[in-house]
Structures are given as C-alpha cells and as structure tokens.
Amino acid sequence: MGETVGNLIGLNDEVIHPAANLAVEAHNSPSKQFLVKKIKIRHDLSSVVVFAFSGSMLPKDWSGQPTFAKTEIATGEFRSLTSLNDGGDAVVNGSFLRRFKDVIGNLSKAKELKEATEKKRQVVFAGYSSGGPIAILATLYFLEKQTPSPRCLTFGSPLVGDRIFGHALRREGWSDYFTHFVMKYDIIPRIMLSPSSTEHEQILDYFKSKFDRKNINPAPPSGFYLTVMGNASSVASYEACRLMGCRNPSLDIIKSFIELSPYRPSGTYVFCTGNGNLVVVKNPNAVLQILIHCAELGESNTAEVEKRSLDEHSAYLSELKDCLGMQAVVSLDGGPATATLNDLGLSPQAMLCLQAAEEFENRRSRNLENFRKYLEKVEVELEKMRKYKENAQISRLGYYDSFKLQNEDDDFHANVSRLELAGMWDEIKEMLKEFELPDDFEKKREIIDLGTKYRRLVEPLDIANFYRHSKDKETGAYVIGGGPRPKRYRFIQRWLEHDEKEEFGSRSESLFWADVEQLGIDIKKKGYVQEIEERIQQVERNLIAWIGDRSLDDDVLLENSTFVKWWRDLPPQHKPKSDRIEKLIGEMSERVTQGTKI
Amino acid sequence: MSQAPLFSSAGELANLVVNSNLIDVAWANIPEIQIGQAAFPCSVEPMDYSPTPNRTIVVFASSPNGTQYPLPEGGHLVQSSLFQFLSPNECPSVSINRAALDLFTSLESQLHGLKTKLIEREGQLIITGHSLGGSVAALFTLCLLDSMDKKSKCRPICITFGSPLLGDFDLQHSQWNSFFLHVVSNKDPVPGLFLPSSRSPSTSSHSQTSVYKPFGTYLLCSEHGCACFDDPDLILKILTVASSEVSGELQVVDYGEMLRNLKNKAIWKGPQLAGERYGNSFSEGIVMELETIGIDTAKLNIDINGMEREARSLTKKTKASEAKKLNDIKKAMANLEWYKKKAEDEKKSYYDCFRNEDKKRHVDAKNFMEELTIYWEDMVAEAERKPQKEGKSFRTGWLFAGTTYRRMVEPLDIADFYQGGDGRDYINSKRSQHYKLLEQWYKEAAKPPTREDLDSKKKKVSILLTEDSCFWAHVEEAILSCQSLTNATSTTKQRESSWENLVMFGEYVMEQIENCAVSPEIFLNGSTFMKWWGEYKAYIHNFRNFYSSRLVEYMKRGSYNQYG
Numbered sequence: 001m002g003e004t005v006g007n008l009i010g011l012n013d014e015v016i017h018p019a020a021n022l023a024v025e026a027h028n029s030p031s032k033q034f035l036v037k038k039i040k041i042r043h044d045l046s047s048v049v050v051f052a053f054s055g056s057m058l059p060k061d062w063s064g065q066p067t068f069a070k071t072e073i074a075t076g077e078f079r080s081l082t083s084l085n086d087g088g089d090a091v092v093n094g095s096f097l098r099r100f101k102d103v104i105g106n107l108s109k110a111k112e113l114k115e116a117t118e119k120k121r122q123v124v125f126a127g128y129s130s131g132g133p134i135a136i137l138a139t140l141y142f143l144e145k146q147t148p149s150p151r152c153l154t155f156g157s158p159l160v161g162d163r164i165f166g167h168a169l170r171r172e173g174w175s176d177y178f179t180h181f182v183m184k185y186d187i188i189p190r191i192m193l194s195p196s197s198t199e200h201e202q203i204l205d206y207f208k209s210k211f212d213r214k215n216i217n218p219a220p221p222s223g224f225y226l227t228v229m230g231n232a233s234s235v236a237s238y239e240a241c242r243l244m245g246c247r248n249p250s251l252d253i254i255k256s257f258i259e260l261s262p263y264r265p266s267g268t269y270v271f272c273t274g275n276g277n278l279v280v281v282k283n284p285n286a287v288l289q290i291l292i293h294c295a296e297l298g299e300s301n302t303a304e305v306e307k308r309s310l311d312e313h314s315a316y317l318s319e320l321k322d323c324l325g326m327q328a329v330v331s332l333d334g335g336p337a338t339a340t341l342n343d344l345g346l347s348p349q350a351m352l353c354l355q356a357a358e359e360f361e362n363r364r365s366r367n368l369e370n371f372r373k374y375l376e377k378v379e380v381e382l383e384k385m386r387k388y389k390e391n392a393q394i395s396r397l398g399y400y401d402s403f404k405l406q407n408e409d410d411d412f413h414a415n416v417s418r419l420e421l422a423g424m425w426d427e428i429k430e431m432l433k434e435f436e437l438p439d440d441f442e443k444k445r446e447i448i449d450l451g452t453k454y455r456r457l458v459e460p461l462d463i464a465n466f467y468r469h470s471k472d473k474e475t476g477a478y479v480i481g482g483g484p485r486p487k488r489y490r491f492i493q494r495w496l497e498h499d500e501k502e503e504f505g506s507r508s509e510s511l512f513w514a515d516v517e518q519l520g521i522d523i524k525k526k527g528y529v530q531e532i533e534e535r536i537q538q539v540e541r542n543l544i545a546w547i548g549d550r551s552l553d554d555d556v557l558l559e560n561s562t563f564v565k566w567w568r569d570l571p572p573q574h575k576p577k578s579d580r581i582e583k584l585i586g587e588m589s590e591r592v593t594q595g596t597k598i
Numbered sequence: 001m002s003q004a005p006l007f008s009s010a011g012e013l014a015n016l017v018v019n020s021n022l023i024d025v026a027w028a029n030i031p032e033i034q035i036g037q038a039a040f041p042c043s044v045e046p047m048d049y050s051p052t053p054n055r056t057i058v059v060f061a062s063s064p065n066g067t068q069y070p071l072p073e074g075g076h077l078v079q080s081s082l083f084q085f086l087s088p089n090e091c092p093s094v095s096i097n098r099a100a101l102d103l104f105t106s107l108e109s110q111l112h113g114l115k116t117k118l119i120e121r122e123g124q125l126i127i128t129g130h131s132l133g134g135s136v137a138a139l140f141t142l143c144l145l146d147s148m149d150k151k152s153k154c155r156p157i158c159i160t161f162g163s164p165l166l167g168d169f170d171l172q173h174s175q176w177n178s179f180f181l182h183v184v185s186n187k188d189p190v191p192g193l194f195l196p197s198s199r200s201p202s203t204s205s206h207s208q209t210s211v212y213k214p215f216g217t218y219l220l221c222s223e224h225g226c227a228c229f230d231d232p233d234l235i236l237k238i239l240t241v242a243s244s245e246v247s248g249e250l251q252v253v254d255y256g257e258m259l260r261n262l263k264n265k266a267i268w269k270g271p272q273l274a275g276e277r278y279g280n281s282f283s284e285g286i287v288m289e290l291e292t293i294g295i296d297t298a299k300l301n302i303d304i305n306g307m308e309r310e311a312r313s314l315t316k317k318t319k320a321s322e323a324k325k326l327n328d329i330k331k332a333m334a335n336l337e338w339y340k341k342k343a344e345d346e347k348k349s350y351y352d353c354f355r356n357e358d359k360k361r362h363v364d365a366k367n368f369m370e371e372l373t374i375y376w377e378d379m380v381a382e383a384e385r386k387p388q389k390e391g392k393s394f395r396t397g398w399l400f401a402g403t404t405y406r407r408m409v410e411p412l413d414i415a416d417f418y419q420g421g422d423g424r425d426y427i428n429s430k431r432s433q434h435y436k437l438l439e440q441w442y443k444e445a446a447k448p449p450t451r452e453d454l455d456s457k458k459k460k461v462s463i464l465l466t467e468d469s470c471f472w473a474h475v476e477e478a479i480l481s482c483q484s485l486t487n488a489t490s491t492t493k494q495r496e497s498s499w500e501n502l503v504m505f506g507e508y509v510m511e512q513i514e515n516c517a518v519s520p521e522i523f524l525n526g527s528t529f530m531k532w533w534g535e536y537k538a539y540i541h542n543f544r545n546f547y548s549s550r551l552v553e554y555m556k557r558g559s560y561n562q563y564g
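Chains S and Z, in that order, give the protein sequences. Note that the numbering used here has the first sequence beginning at 1, numbered continuously upward. Note that the numbering used here has the second sequence beginning at 1, numbered continuously upward.
Worth flagging that the hints you see were computed from the coordinates, not collected in a lab. Ideal Cβ placement from N, Cα and C applies to all residues, glycine included. Please note: incorrect hints may appear among the correct ones.
[To be verified] With beta-carbon atoms standing in for the labels, derived distance ranges:
hint : chain 1 : residue 1 : chain 2 : residue 2 : range
1    : S       : 114       : Z       : 312       : 51 to 61 angstroms
2    : Z       : 312       : S       : 383       : 32 to 42 angstroms
3    : Z       : 388       : S       : 342       : 52 to 62 angstroms
4    : S       : 259       : Z       : 31        : 19 to 29 angstroms
5    : S       : 275       : Z       : 315       : 50 to 60 angstroms
6    : Z       : 309       : S       : 259       : 50 to 60 angstroms
7    : S       : 259       : Z       : 303       : 36 to 46 angstroms
8    : Z       : 363       : S       : 503       : 45 to 55 angstroms
9    : S       : 75        : Z       : 31        : 26 to 36 angstroms
10   : S       : 366       : Z       : 363       : 31 to 41 angstroms
11   : S       : 362       : Z       : 309       : 43 to 53 angstroms
[Said to hold, decoys possible] Think about it this way: if two alpha-carbon atoms lie no more than 25 angstroms apart in a straight line, the pair counts; the simulated BS3-like pairs of lysine-lysine are:
hint : chain 1 : residue 1 : chain 2 : residue 2
12   : Z       : 459       : S       : 389
13   : Z       : 342       : S       : 389
14   : Z       : 447       : S       : 473
15   : Z       : 531       : S       : 471
16   : Z       : 265       : S       : 377
17   : S       : 471       : Z       : 265
18   : S       : 120       : S       : 145
19   : Z       : 459       : S       : 307
20   : Z       : 531       : Z       : 341
[What the hints assert, rightly or not] Stretches of chain Z that chain S covers, calculated by requiring three or more beta carbons in the stretch to come under 8 angstroms of a beta carbon on chain S:
hint : segment
21   : 174–183
22   : 326–340
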C-alpha cells in the first residue's frame, strides 16, 4: 500500500478525474470529433493537455466483416504493429480503425496539439466507452511518429487489438503509456471477446438510447450475459490452457473447430472493485483472467449481475471520484496478493489462472537469464569464426571459398561451429515463436548487434554449403520468398531493419554471395537477358554500397574469390561500374600484400 | 532449487469445450433422429448441416433400446482384421467390442460409400453419435483417418456421447488420439458398462481384468461441472467408479440438458474450497477438477504425485529443445564425415581406421556414434508405437537422414564387433533392431533405380557411402570362411559350407560393384576387404587353381583401379 494510481502509471493523480470527465462529455457530444482541455497541475504548475474523443453506439461502428471485424493493421503509420518473427501483423477491429481514420486528419491539425508540442506539455488522449479505441489508436499514431510520448487513458473501453498488437506494444516499450480503467462488472470492456450478435445489438441499443438522452431510463435488455460472458469465458479458458502448459493435443484440434475472439487486453489495467479499492495490473494474461473471473456469477442471481453489468458502464465518474488520490491501491504484479484479490471476489480456480499467468512471466525472465549465459557461448563460437575468416584471408582465398572447398581442418571446425550456432539461434527462434522470451527481446540492442554479427559472418557459410551441394536443384534458389533460406537469418535481418526503421528486405548484405552464385547459374541458363543485366547492376551497386558502409566484408574482393572470378568473366558491356570495382579489388590486393609482409 | 510450478488444465480445457458451440452442434440433431429410429438397432444418417460453409456433420444414432438392454455378451472383445491397421508394429492384434463391431459390419457397404464421399470434402467434418451410435461413429472415424492422406482437405473430429468403451487398442502415441472427444456424464452407466464393477468382489468368477483401453479425450461431467482428461488409466478408474455408483438403475441421460446446465456453471465462480490452499498448484488444481466431477481423490487412491512427475517430464520436450537437438545431430554427423575424410586422406577406409583403433580420434568418433544411436533408436521407437499408416508417414520425413545415418554408423558397430577377433555372425547375433527397421523401411520406400540414376551415381561414386550398411559384416564373415577353409581342424562339412559362403559372397560383391553401391574406399591398400582378397587369392592359388568367378577376374585384372 501507500501508492496512488498516478504513481503506478506515471501520471499525476490530478489529471485522471478531469480526463474522465472530459472523456464522458466528449463521448456524448457527437457533433464534435474531440474535445480539448488544459489541466494545471497544482504542485509544479505544469500543464497537461487532454484530448477526448466522441463515441458511437451504432452496431456498424463496433462490428463488421469478417467476424470480429478483423483487420490487419501493420502498414504505413502503424508499421511497428507486427511480429518480427512468424506471428504476422497485428489485428485490430476494423470499425474502430475506420473511426480513428475519420478523426486523425483534424486531430493532427489541431492547434492545441501543436501548441502543446511546442511548449513541451504532456499530451493525454482519453476516451470513454467507444471513444476509448480512438484514444488508443491516436496515442499509437503519435508514438510511431516519435512525438514526445503521449499518454492514453480510457474508461470502460472495449478491446481493440489482438495478441500481436499487445506484444508489439510491449516490445516497443509503449505499454506503460496506456492505462485502462475497468469496473468490476462493466460489460463493454468484455464485449469484444464475444462475436457480434443480437445480444451485442441489444446492449448497444440500450446505451444509445441512454446516451442520446431521448430516453432517460430505457428498459435494460436481458438474457445477454450468459452468451457474452460464455464466449468471453472460452477465450479465457483457451488462454489459461496455454499458460498452464496444456499437453493435451486435442486442444489444437478443438481450437480449429471454433472461432474465438482474437482480441486481448494490452497496457495497464486499473480494476475498480466497487468498494473504493483499485487494483492495478500490468501482466496482460492476468488482466484477461481477471476480466472474466471477477465478473463471474456468485451468490447474487443472474438478473442482478446482468443489470449491474450495464449500470457500471455509467459509473466511472462517481467511482473514480471516490478512490483517486487515496492510497488504497494495490499493484498485482509481483505476485497475487490474496487479500486484495478478495476485493475482486476471485474463485480458487481463478487464483490458479493468475498464478499460471505470473509463472508464465517468470519463465520468460528465467529463459532470458539462461540466454545471457548462452549468448556468451555464441560469442565464443563467433570469435572462432572470426579467426577462421582472418586466416582464410591470409591464404588469399577468403573464408567463403575456403569453406566451399572443405579441404582443411579449419574448414571442418568452422562447419562444426556453424552447426553449433545454428542450433542456438534456431532454439531462440522457436522460443520467440512461442512467446517464451520477454516481449522486448527482439528490440534489445545487444541482441540485435550480436544477431547481425552472426548473420553477416555465418550466413555466407550457409550459402557456401548450399551451393557446394547444389541444393538449388532440389529447392530452388537460396533466396526466394519462403524458400530454403533459414528463418533464423530472415528474422535477425528483420530485427535490424525494424530497429533502423528501414524497409523490410533492405539489409540483405549477408545474401551477397547467394546473389552472386545464383546469377552465375542463371546466366548459364538464360544468357544475358535484360532481367539478368539488371541483377548484375544491382550486385555491383550493392557491393559498392556495402563495402562502403562496412556491412559486407572486403574478402569478397580477394583475387581468387568466387565473386572476383565470376565478375572478371563477365563481358565488359555488362559491367557498368567496372572502374570503381577494379579499384576496390586493387586496393584489397594491396592491403593483403602489406598484411602478409607484416 | 525449487521447481517451477506446474498446472493441470483439465478444467480449463473442459470449459473451453463446453462454452464453444462445438458439442452443441454435435448433439443438436441426435435426439430427433433417435426418436425416428426406434425400430432399428442403429441407423446412420449423414447430414449436411452448415452453420458456416465448409462444415459437414455426420450423425450415428442408436435406438434407446439398443443401449438400454445391451445384447448378451455385448461386452466381449473379438479380434478384428478390419481394424488391424490400428495396431502399431509393436503389437500385432486388435480386438473390438462385439456389439459395436457387429453394427459396424452390418453397415459396412453403406459406410464405405459414405467414407469415399466425405474424404473428397473440404473443411470441418464432425462425426458424432450417442451410445452405441457413438461407438460406430468412432469406428467409422478410425477408418476415415486410415484412408486419409496428406492431400485430404477434410478435418475430422469425432464426438461421442455416453458411448461404451470400444476396444483394446492403444492410441496414446498417435496423433489420431486427438481427433476423439468422448462426452460422459457421471450419471450414465453405459460408458462403464463393460468394466468389471468395483463393487463386485475381485475373487468372483465373473470378474476379469478389463482389457478395454480408453483413447482420445474424455469430457467427464457431473451436475457441478466438468473436466477433460486423456490419461487412459485415470479415465478407466473414473469410469469404473461412475458405473458402480449408478449401476442397477439404467436411466437415459439427457446430454442436451446436461450441456445447458454446464454452460451456466461455466461462468459461475467455482466451488469455494473448504480450508487452506494446498500450496502446490498442480495437486490443488487436479483435486478441484476431480471433485467437480464427483471423484474423491483420497478414496480412489489416485497417484497425483506420479501424474505430476509425468507432466513435468513432458514439459521438458519443447519445439525449441527439438530444434537444438536436430542441430546437435547434424553436428555429430558432420564430425563423423570428417572422421571419414581424415581416414581417406591417409588412404584408409574409415571402417579400417575405426577397427584398428586410432587413438583419440577413435574415442571422439565413438562419442558421436553413441549420440547418434540414442537419437535414432528413439525416433524408430516412436514410429513403431504409432498405427501402421501414421507411423509410415511420420517416418518418410526423416527416412533419408536415417538411411545416411545407418550407412555411416553401422559399419562402425560392425568394426567394434569383429575387432577382438571373437565376433561371429553379426547380422544374426548382434545387429540392432533399429538398423533392421531402418533398412526395411528404406527398402519399402525406395523406388527402383532408373538407367539415369545409375549413370549419375557412377559419376559421384567416390563420395557415396556404401549402400549396404552390413557390407563390412559380409567381408568379415568371408575372412572367417577363408580361415575355416585353411584351418586343419575344420571338418569337411564346415569346409563345404565355407566354400559355399565364399561363392555367394563373390556374387554379392560383384553385384554391389556393378550397381555402384560400394564406396571405392574398400579397395584401398590394407583394407579389410583387400586383406580378404589376399587370403582368398592365396587359397584359390593353392587349392583351387582352376576356379574362377566374375569377381576373381575383376580383382585379378585390377579393374577396381578404375572404379570410382
């Protein structure tokens, strides 16, 4: 105890209630896309600028085709919202995305936003109910643009994105900027865990007439709770199975027969228990379990809970007024504290789910610790490889060609190192695929660096091995989409490209040898057709650029290398950059001669 | 260091199943059909019901009479050749419950047509049935799985309601296991019908130990909740308890009503545990799950610690660790290849190098050999535990690698065997089962070589491995035969048989040479093969001067210098 919500989420407590107020007001002002308000912080007299978004209770603004309005998002302004390994792009609710796109033009131009940026004021995007998703997407939009980190506050917001969405947020280190307030029984934060249905429409209709104020006390729908919560509960059960390490192979078969909602919570959740206490949870798996389990039926009858699930959606202002600034806040992370969880009224089964969610995080940290030891081993093997390359350069053949010949003991030892390293990186690759490493693993500087070093040093040997055994005849060229190139290299390349904010596929210097080898083969097959000519020019351009920025090692330029021999054999008219490259080869030759003399 | 907590997910999996509409869909049409079918013991009605496109549902309904008053001796198991395909190579026979098998056989021609039709379909296929109808549904699904290949686009799942146990076969090591979901109420006596009642004294002449084996996942339900288990022993125990508690009053369980109740229960807070938490997440979870379905763990004597140990050993095998393992195996192979290359650099075959002990390198090679052997013995054993057809498709993925392994490593085992000089008859006395199976499978899968294959083989024979991994064993035996011929103590009979062996060996070697199936390294100076040739040549020279064969000519002419 002893901490307030503001402390835990890194925002002044004085902001939260006015932001909630503005969010509710904006939600019910459909004539304006958003409202803005400046809030002065008393103790340091700084200002926070809050933008809050209007809402809509029309079913078309909540759902759409395909089921769950699933829309892949990772393009253009949301390029980070993707998995850097096999997981694909993040999925968001397409209807929410469309509403965001309607707003973003005017929001970007808003003078209050410009002013806030100039005066370095903290910007907060806030949203209540269906205004929440817009606040979330707007915050992401500006995070991608690297404007000074905005914050996001939502109150009773529906879920917006899937598992990859949350993973990407945590990988980028943005997760902490999002805070979502949820009442214990409020149906809206759970509604997206269930497919759109007549029950959905009943709920939305009810709120629409309520917010429109045409009808102050509309008749609440009934009978929806079982359907919505049943579906939500199957999502929670499925995730619990995964967290608990379910080994029953039927799980996958059963899953393939049912369509579960793709949406999952992300960011920090603040659960309002209804008795003045707040529970702050960051572990996304724990959030999902609490969302479902704390709203389960207990002693009270279904109709009562159903009514509460509607009423609580309108209770944020009064609830927050009472408990903000109070010290009665508990953070769940670091272990389920039984005492507070009693406020949420969780069952023993729910406690097990929370324990499993916590254990999953612990396991990821342990895996990372194990890898720290492991990465030293990678360094050792890479050092061996570096020495191998150095020796090969002295013998004037270059390690690529030496390895391709496999004549010397050194070549053999390099092959063993290659396999050793492949084993380690393949293991990392599989663990990432299963989310068994921390979300920010692929964003860690030392890991990107080590991976890139590995890729540049060792992938040429995989290519040498590939063309040594003429494997292209069985599988096609080394580099084709989804082709034989080992995935570990593709992923590592992507980490770097993502980190440098480059296009995917732009950092393919480790593929230089494959381009050369394949061109040699294709020239024999096709002759100097235009496509080949373009590829030769590309190879020349790449060589000059990559030698220039040192991302490609200069031993491709050794007199006896496959590249130089191949390039020398090309008819002169196909070598536009002839002089430049001859000069590079010459310089290399000199360097080697000097090196040997010393 | 304390171990990481483990969990039992039986309750969560059951919740997922109950909350999804999958079993509702499976159950939906059963009651209606059953009413119409009262006159027949069992009927089959393939129905295309499409809540979404690409979904086919096949319902097998049985009349209530058929299960309420099961046939006398209905519980007997009979051997069935029809389901022979279920047996893994390990155990040869399969028995099926007589009642179910009779029904299935009576419908066989109709079902055959249905099977052919369904296999062509795309998308989800739900095969379902109640009671004995469920048994037929399961048998039909098994036939369907056996007929499917990689190209099949239909994805089946079999869901039975209150069906009796089906047979003595075991699918625990098969992927097929995951296609079966059996829904069982603790009020339903039928599923445990053929089990020896736990009430009847075990000394009774009627009691027999059950040979029935459950397979697939059981969704076990009570009025309080449900749990999914797939451990056959545990399921047997639970079914036995349930059947003994309800026996006497055969009532028909309304599964539709039961499912509705479970759906309601699913979003209720579970029962609050009396007393303190157990402190161990696994046992706490499993005790709760079993209590929910009406099982008292203390009374039933369930070994929860044992279950936890097993779960723990299973969690160690992950995709990540397998990826690492695979690369380790590649590494060991690369090391042996290098060992072979080093031997060749010294103008020796690696067989002879290994046979004649080469200091440290020898020890290293031995370690890699052992690592590889353990790995491949496991792979072969795993393939052996699966139903035949599945085992076959499982192994095609790695048979090529397995063959390279066999050709590389078995010669070293042979070298080890004959090294001391006491080894006799490796092939029949010492050869490991996994080599035999690898060879047998390879022969089953290999296509007969074409002319072009042979031509291209000729070009690269120098880098090929000797195809017959027992080649060196034949050579060693030939040497022994030579020795027996010249040994003064040998009987005439022994000599005759030795000579016969040598003639056969000559034919064999010549055939290998003509097919480019041996590595040229066998002709290297001082190799065991050349040692044999020396002894053989001397013997012919001294005792059978006029004898000749194609191999003798080939060797005398020195044609082998042009080989490879």
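Taking the hints in turn, this is what the structure says about them:
no. : hint                              : in the structure
1   : S/114 x Z/312: 51 to 61 angstroms : holds, 59 angstroms
2   : Z/312 x S/383: 32 to 42 angstroms : holds, 37 angstroms
3   : Z/388 x S/342: 52 to 62 angstroms : holds, 56 angstroms
4   : S/259 x Z/31: 19 to 29 angstroms  : holds, 26 angstroms
5   : S/275 x Z/315: 50 to 60 angstroms : violated, 39 angstroms
6   : Z/309 x S/259: 50 to 60 angstroms : violated, 37 angstroms
7   : S/259 x Z/303: 36 to 46 angstroms : holds, 38 angstroms
8   : Z/363 x S/503: 45 to 55 angstroms : holds, 52 angstroms
9   : S/75 x Z/31: 26 to 36 angstroms   : violated, 50 angstroms
10  : S/366 x Z/363: 31 to 41 angstroms : holds, 36 angstroms
11  : S/362 x Z/309: 43 to 53 angstroms : violated, 21 angstroms
12  : Z/459 x S/389                     : violated, 33 angstroms
13  : Z/342 x S/389                     : holds, 22 angstroms
14  : Z/447 x S/473                     : holds, 20 angstroms
15  : Z/531 x S/471                     : violated, 38 angstroms
16  : Z/265 x S/377                     : violated, 52 angstroms
17  : S/471 x Z/265                     : violated, 58 angstroms
18  : S/120 x S/145                     : holds, 16 angstroms
19  : Z/459 x S/307                     : violated, 83 angstroms
20  : Z/531 x Z/341                     : holds, 21 angstroms
21  : 174–183                           : holds (count 6)
22  : 326–340                           : holds (count 8)
In this structure, the earlier hints numbered 5, 6, 9, 11, 12, 15, 16, 17 and 19 are contradicted, and the remaining ones agree with it.
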